[in-house]
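Trainee: Next come the chains, spelled out residue by residue.
Number of protein chains: 2
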Amino acid sequence: MYGGGAFSREAAIIIRGEKEPRRAMPRNAFYAQSGGVTAVINASAQAVIETARKHPDKIGKVFAGRNGIIGALTEDLIDTSAESAEAIAALSKTPAGAFGSCRHKLKGFDKNLAEYERLIEVFKAHDIGYFFYNGGGDSADTCLKVSQLGEKLGYSIKAIHVPKTMDNDLPLTDTCPGFGSVAKYTAVSIREASFDLASMAKTSTKVFILEVMGRHAGWTAAAGGLAAEKDGDGPQVILFPEIVFDEAKFLAKVDATVKKVGWCTIVASEGLHAPSGEFLSEAGGKDAFGHAQLGGLAPLLANIVKEKLGLKYHWAVADYLMRAARHIASKTDLEQSYAVGKHAVELAIAGKSGVMVSIVRKSDAPYVWEVGEAPLDQVANVEKKMPRDYITGDGFHITEKCRNYLSPLIQGEDLPPFKNGLPQYIVLKNAAVPKKCKAFEVKK
Amino acid sequence: MYGGGAFSREAAIIIRGEKEPRRAMPRNAFYAQSGGVTAVINASAQAVIETARKHPDKIGKVFAGRNGIIGALTEDLIDTSAESAEAIAALSKTPAGAFGSCRHKLKGFDKNLAEYERLIEVFKAHDIGYFFYNGGGDSADTCLKVSQLGEKLGYSIKAIHVPKTMDNDLPLTDTCPGFGSVAKYTAVSIREASFDLASMAKTSTKVFILEVMGRHAGWTAAAGGLAAEKDGDGPQVILFPEIVFDEAKFLAKVDATVKKVGWCTIVASEGLHAPSGEFLSEAGGKDAFGHAQLGGLAPLLANIVKEKLGLKYHWAVADYLMRAARHIASKTDLEQSYAVGKHAVELAIAGKSGVMVSIVRKSDAPYVWEVGEAPLDQVANVEKKMPRDYITGDGFHITEKCRNYLSPLIQGEDLPPFKNGLPQYIVLKNAAVPKKCKAFEVKK
Chain S
-11 MYGGGAFSRE AAIIIRGEKE PRRAMPRNAF YAQSGGVTAV INASAQAVIE TARKHPDKIG
49 KVFAGRNGII GALTEDLIDT SAESAEAIAA LSKTPAGAFG SCRHKLKGFD KNLAEYERLI
109 EVFKAHDIGY FFYNGGGDSA DTCLKVSQLG EKLGYSIKAI HVPKTMDNDL PLTDTCPGFG
169 SVAKYTAVSI REASFDLASM AKTSTKVFIL EVMGRHAGWT AAAGGLAAEK DGDGPQVILF
229 PEIVFDEAKF LAKVDATVKK VGWCTIVASE GLHAPSGEFL SEAGGKDAFG HAQLGGLAPL
289 LANIVKEKLG LKYHWAVADY LMRAARHIAS KTDLEQSYAV GKHAVELAIA GKSGVMVSIV
349 RKSDAPYVWE VGEAPLDQVA NVEKKMPRDY ITGDGFHITE KCRNYLSPLI QGEDLPPFKN
409 GLPQYIVLKN AAVPKKCKAF EVKK
Chain P
-11 MYGGGAFSRE AAIIIRGEKE PRRAMPRNAF YAQSGGVTAV INASAQAVIE TARKHPDKIG
49 KVFAGRNGII GALTEDLIDT SAESAEAIAA LSKTPAGAFG SCRHKLKGFD KNLAEYERLI
109 EVFKAHDIGY FFYNGGGDSA DTCLKVSQLG EKLGYSIKAI HVPKTMDNDL PLTDTCPGFG
169 SVAKYTAVSI REASFDLASM AKTSTKVFIL EVMGRHAGWT AAAGGLAAEK DGDGPQVILF
229 PEIVFDEAKF LAKVDATVKK VGWCTIVASE GLHAPSGEFL SEAGGKDAFG HAQLGGLAPL
289 LANIVKEKLG LKYHWAVADY LMRAARHIAS KTDLEQSYAV GKHAVELAIA GKSGVMVSIV
349 RKSDAPYVWE VGEAPLDQVA NVEKKMPRDY ITGDGFHITE KCRNYLSPLI QGEDLPPFKN
409 GLPQYIVLKN AAVPKKCKAF EVKK
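If you read the sequences in order, they're chains S and P. Residue numbers for the first sequence follow the working numbering, beginning at -11 and rising by one. Residue numbers for the second sequence follow the working numbering, beginning at -11 and rising by one.
Derived by calculation from the structure, the hints in this document are not laboratory data. None of the values given here were measured: they were computed from a predicted structure. Incorrect hints may have been included.
No distinction is drawn between identical chains; accordingly, a pair holds when it is met within one copy or between any pair of copies.
Think about it this way: if two alpha-carbon atoms lie no more than 27 Å apart in a straight line, the pair counts; the simulated DSSO-like pairs of lysine-lysine are [stated by the list, open to error]:
no.: 1; residue 1: K432; residue 2: K248
no.: 2; residue 1: K190; residue 2: K140
no.: 3; residue 1: K42; residue 2: K431
no.: 4; residue 1: K99; residue 2: K296
no.: 5; residue 1: K373; residue 2: K247
no.: 6; residue 1: K300; residue 2: K431
no.: 7; residue 1: K112; residue 2: K350
no.: 8; residue 1: K46; residue 2: K417
no.: 9; residue 1: K407; residue 2: K319
no.: 10; residue 1: K296; residue 2: K431
no.: 11; residue 1: K389; residue 2: K112
no.: 12; residue 1: K389; residue 2: K248
no.: 13; residue 1: K340; residue 2: K350
no.: 14; residue 1: K296; residue 2: K417
no.: 15; residue 1: K99; residue 2: K112
no.: 16; residue 1: K319; residue 2: K241
Taking the hints into account, I'd like the entire structure generated from these sequences.
Mentor: Written out as structure tokens, the structure reads:
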């Protein structure tokens, strides 16, 4: 046994100075889910666990963090080896985070050394040599810092980021697993609502507004544009965070559309900005990362439409429904979610660390892609917004270029199993790994 | 030709006094969609058209009203015979109203004789002897009045109501076509959102509220309860229009649930009543029937939760998305929607009039049902609310009895065809029938 010392097993092997290091004993892996969950993040979990199980010579057990990095800090680990192959295989059919997620960002080494020392204490106690973190931009930053534990604090660990964000705002990857399914949900929903509105418009509602999540980048709203395949199709108006809201232009567009088509459907990003630079609507709260908690944009826009144009409206706010909608997940997204989890393990086994698995697009039609890698220090805390040439000149729709980018991401359906008319989603046993360390309090 | 006279063809045959009336020439049928549309109302349209096509000896053409009864009043008729069998067959795969719906209720004969005389003028001009009206309670009233055209104004017509309402609030039928799909959408969505919330609750959101449509009856909210199959499952709280909102009890329930489970999901009916008897939240507008236009309950409840319990929340408002969601329609609902359309034609051919086709439940498990009929004067303007014994004693969930009633209605899936990742919904040609009458202005 090499555990318990000040250095990792690999380090220990080198210190012993053997000419040919003995074949390393398998070390355990830590996997956790972070940030807002998606309909397909569990497919990445499944891939990490299944791939690790195929390499027992390299990876011992996969310990999942209960509620993300919090699980590592509080030594609240889940023994995934207690789950059957069937249970693990059901993960890709199940939305949300099977092990619990968290919103907790590690501060810099200089500002919160205690958390890093704690991580090392827990990792060492459970012989963890691999760290797979499944999240977005904030999580990439956490993963980057874990990858630096060797250099900064002498604890060798391979840290690979497994990308996940419904917002599609990570750089250096063609898309983010989780986004394709949200995109499909948005396009399907606004198409269906447009058919509904078209039926009602003659004597009743003429404007329908769907508010979608997406804090700073308009990708999720843009996806609604895929539903409009020919002139007159809804949605006729998309409101992007990248385009400052111009009330007069908006009203003119809606008015012209209703006069021409008879009705108008609108997809509005919750992150729509007022000319002042602030979000047009804020619920008032802030999340644990200090981001404003948004919501309530749709009724605000509806009120503007009613007051200024006198049109009857309906509105919907998709919120969690869109990112949890496993029942209408994109098969392409599912495949990519699995692929990034699998490749993360393969990269770690190959000795890589400090990278994010990426999706590399080789062609649009047919959509050909492969997994790649991107350095984490170029990923963390960078938000990829919509390029201006993905948005039409008037700022209210997507261009053909954007359509060519988005369309492949929503291809394919993959219904989960249904029982009694409802999707059957797995709840794992999530057996706790016995604790070996003292208690530790995570500061908010 | 028997058209053009003061009496219908049948009447004419009798007046001629022949001993054995000659085999009646086929007369045309009028079909229209009314009120809020659903994911499956077009399945009834398909059934009416397909069944009529099988009886060319009895029914000539099926003319659809463009935008419901408005299409009859304005002589804006659609010739469905111009549509191919394939196009008609695609209707049951397409949500919303393929011919357009309306919110226009005929006033009493004494109050608006002009509209009835106009209907007779148009029906006579197009030799319409069958009237199939596809709608809810208000539409049943319209259908009833049309069925009385013979008795009151001497124009013989067979009028059959084809039930449709997502609200499930029609009496004398086991369920209303359209409801089963909304029920499935609600149960699927709140299950998915509950999985999402469970993932996030440790460090972030702890309460999620889904607002659903349903003005006076809690059926749509109740359906969310199907997602909770065992202790701890979401939703833990359902807010029904039938139970007056008690803020203190509500907060105590949410607080206890979060303390026990870690999170709480809530399905709230838009029609939730305040102790004053008013809707807890009103958007301010009224629809053409004079009903208050609701919306905005979810943020109101979320604010109460935040203010009084200090819990982070998310909320969604389903609105049109739930009733347009053909992609997750209930197969049982689709079958019933088709069956009521088919039976409506069969009843009319058999000489029935002034009735609504009903669904008759023979057993819960297995769910055995058949079509029946109910007299329209007992259907029109009657709202079927949730029986008290369908709601738990504390008023926050459904009972086993309710579950046994609801569960069969959401059974089965029936994905529409997909292309490029999106459901392919048909838009018919909707060719106009040449007008024969003078223009007529419909008063609002």
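Trainee: Cα distance capped at 27 Å. Does K389 pair with K248 within a copy, between copies, both, or neither?
Mentor: within (26 Å within a copy, 50 Å between copies)
Trainee: If the cut is 27 Å between Cα atoms, do K99 and K112 qualify within a copy, between copies, both or neither?
Mentor: Within one copy, since 22 Å is at most 27 Å while 85 Å is not.
Trainee: Up to 27 Å between alpha-carbons, please classify K42 paired with K431: within, between, both or neither.
Mentor: neither (37 Å within a copy, 73 Å between copies)
Trainee: Under a CA distance limit of 27 Å, which applies to K296 and K431: within one copy, between copies, both, or neither?
Mentor: Answer is between; shortest inter-copy Cα gap is 25 Å, intra-copy 48 Å.
Trainee: Pop the pair K300 and K431 into one bin, within, between, both or neither, using alpha-carbon distances up to 27 Å.
Mentor: Only across copies: K300 and K431 sit 18 Å apart there, 49 Å inside one copy, limit 27 Å.
Trainee: At most 27 Å between alpha carbons: which applies to K46 and K417, within, between, both or neither?
Mentor: within (25 Å within a copy, 63 Å between copies)
Trainee: With identical chains treated as interchangeable, where does the CA-CA distance between K407 and K319 reach 27 Å or less: within a copy, between copies, both, or neither?
Mentor: Cα proximity of K407 and K319: in one copy and across copies (21 Å, 13 Å).
Trainee: 27 Å Cα cut-off: does K432 pair with K248 within a copy, between copies, both or neither?
Mentor: between (53 Å within a copy, 22 Å between copies)
Trainee: How would you label the pair K340, K350 (within, between, both, or neither) given a Cα cut-off of 27 Å?
Mentor: Only inside one copy: K340 and K350 sit 23 Å apart there, 64 Å across copies, limit 27 Å.
Trainee: When no copy is specified for K190 and K140, does a C-alpha distance of 27 Å or less occur within a copy, between copies, both, or neither?
Mentor: neither (67 Å within a copy, 30 Å between copies)
Trainee: How would you label the pair K319, K241 (within, between, both, or neither) given a Cα cut-off of 27 Å?
Mentor: neither (35 Å within a copy, 39 Å between copies)
Trainee: Please sort K112 with K350 into within, between, both or neither, judging by C-alpha distance up to 27 Å.
Mentor: For K112 and K350, the Cα distance exceeds 27 Å both inside one copy (41 Å) and across copies (64 Å).
Against the hints set out earlier in the document, violations occur for numbers 2, 3, 4, 5, 7, 11, 14, 16.
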